[in-house]
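Peer 1: Line by line, the protein sequences are chains F and H.
Following this note's numbering, the numbering of the first sequence begins with 1 at its first residue and continues without gaps.
Following this note's numbering, the numbering of the second sequence begins with 1 at its first residue and continues without gaps.
Among the hints, erroneous ones may be present.
Capping the alpha-carbon separation at 35 angstroms, the derived lysine-lysine pairs in DSBU-like fashion look like this [unchecked claim]:
1) F:43 to H:184
2) H:328 to F:44
3) H:436 to F:98
4) H:328 to F:71
5) F:98 to H:278
6) F:43 to F:165
7) H:313 to H:67
8) H:278 to H:327
9) H:313 to F:44
10) F:165 to H:278
11) H:328 to F:138
12) H:67 to H:278
13) F:43 to H:436
14) F:44 to H:67
15) F:44 to H:134
16) H:184 to H:327
17) H:327 to F:138
18) F:71 to H:134
19) H:134 to F:98
20) F:71 to H:67
21) F:44 to F:138
22) F:138 to F:174
23) H:278 to F:44
24) F:44 to F:98
25) H:67 to H:184
26) F:138 to H:134
27) H:313 to H:278
By construction, these hints were calculated from the structure, which means they are not laboratory data.
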Amino acid sequence: MKHNRMRAHFAGILVLLFAGVGQVTFAQESHIGGLTGEASRGKKLYRRYCVGCHGPLGDGRGENAPWIDPKPRDFVTGTFKCRSTPTGALPTDEDLYKSVTRGFVNSNMPSWLPLTRQQRADLVAYVKTFSSSFREEKPPSPLSMPSESAANQQSIQSGNELYQKMNCWSCHGKEGRGDGPSAQTLVDNRGYPIPPYDFSVGTRFKCGESNQDLYRILMTGLDGTPMPSFANGLTPAQAWDVVHYIRTLQMNVKRKKQTAENEKKDGGESKPVGAQPE
Amino acid sequence: MLLRLRAAVIFILVLGVVLSVRQPAHAIPAFARKYDLPCSACHEAWPKLNDFGIAFRDRGYQLGNEKDSPIWQNPSYWPITFRITPEWHRESSSNQVVDTVPGNPALGQTYQDVTTHGFDFSGLDIWAAGTLYKDISFSVLPSADSSGSFHFENVFVRFDNLFRTRWLNLKLGKFELDNLVSEKRMLFLSSNGGFYQVYHYTPFREVQFRASNPPIVQFNPVFGIGDNQLGVELSGHSENSYARYSVALLSSNEGSPGLPNRTYDGWASFNQGFAVGKLGVQRVGAFAFFGQRPTFFNTSFGSPVLSEGLGNKSLYRAGLTGLFYIKKVDFSTVFVHGWDNVFLGTGTAANAPLPVGARGPTWNGGFVETHFTYSPQLVFVQRNEIVRMSRQVFRTDPRDLGDIDAFSFGLRYYPFMFSRAGLALHTEYSLVRSYKSASPLPTSTSPFGPDLRSSSVFIGLDFAF
């Protein structure tokens, strides 16, 4: 009887150990398409490319951090701006991979596209080791994205109304210049001032440049910043309307001309605006 | 035993205070300061670029994060980089012709090894480079030799992404020819190892001719693949810079300002990178140069009009390049085939008859340079290089006349790696053997001497700020 109890305890410990090892193994790998990234290789790359800003502990306190604005991401908290997952959730490996590949416009984070796909996957695997969140939970499934509605005058008008109704203007300003009444008061989750995006100047967004990227930003929010998720406040069709309206705030003459021409050509049923970013 | 080991280590360290930069080498902490990236982000081991550094350079010193234009920089930012190398070096050359009794040439000459050594410092680079505006970049590199005499190593303005395509970038000025294996970014600094023999090779007969014809030397009739040239370059690259090309139209004056010389050279290079699983990017490429050089000069009442070279004759170089990575070891490989017109090869003016039986010289050469990057802060380097004449100017010349064997090895240790400055302890040994290239003794009946062996030992502190 005593022996049986001991055996049960021993087996329990083994199960726990294996479960722990399994989780560690999961956190030390990334899976992007057919690629498997390994943290051991990613560590060397991180030390070469990333440590100056993100720091050896991944806490965004690298030696260059004091001089950088916006501040480097703190990987330890497990909070990431660009995700395909709901607000508050961990990003998928693919999300992190895209961030590494794309870089962040208007920041010091460059595009690491010159690194091979394998190297970027390895980096993602290593970045995940900084936060215990990746060991303790699994990222949920990405938000579904219905196909884009037509960017016609009606959609843009509806987007304009939603832009007012949802108070987007309070940060981004009535003309999208990032000069809303709340703009000066915004801070990120580390207490650093953060300006709202100025649509009139930028052609690319923090998390991509296509309409799909913009839709995703609206519906997932940018965690760690004051930009909330509108997944509960907007229907997918409404979100597309807002996307279409925001595109009109971008002072891109060529795109506006294209819109007008498309509308004329299609009798008001224009093609998606900005679907092919320049 | 321990004491001996310690003594040996101290000896090596003391010996290890290093020397003479043959080529101004390129590493720009000003960029690191601008973008807050460590040297290792762009350099495998500075000054050698890695894949990210290649892409950054190809984009016109831009990261593409909408903050590249200088208007986004703090006004106090000044894009200047200094580089210099205090050093100790030892140079030795075999078979030098010296007087049997110093100061008394009448008593005859003999061969002797000549060796010098001592403390020294390299030339100084004061390099400004960066962006003038979005998609407009520049570089100005005044470079001094160790005596303080300045020249402009490079000066150019580059327009990037013309017609909104990264495949069209235009550069005007004096610049390094685009090639996969850059001599400006090599990890060797000594007098013998600090340049690629095959990039600057000139057949022995031609060297003899130039030595005996000072006026023609003023036209700078040489061509070095590693030398910066004056001209205009059109280049392009894929988004990740794995595919790259460059074509350039150059003045036939080896980058010497004030010597237009009326003719032009052409350069073209192409290289392609392949992502090979866990090994990283492997690159292969090819290049070709076709040019002309004068063989005589106009005269006025018998005196040379030096600004006008005449009787231009052609030369070409063509080759293959490769960069291969296997984990921490990488290989830079180059093969070059060269040909000079017979008038250049024999040093004959184009309006004079050629020596009987003379032929245009051809040669082949190449090297394998190996780097073992233990970490971004410690790299071991080694290079084997050969040049072989495939056709001598005269059939009667020895087949190996002017052939070269060269071997170098060393290490670079970077005690720190951050985004403000760079420092490397550089140690190197280099040996070059030039076949039958020593001067013959006056009593010799042969026009050729024995083999010439030159070696360098170099220990220095290479720093850039």
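Peer 1: Of all the hints numbered above, which does this structure not satisfy? Sort the numbers upward.
Peer 2: 3, 6, 7, 9, 10, 13, 22, 26 and 27
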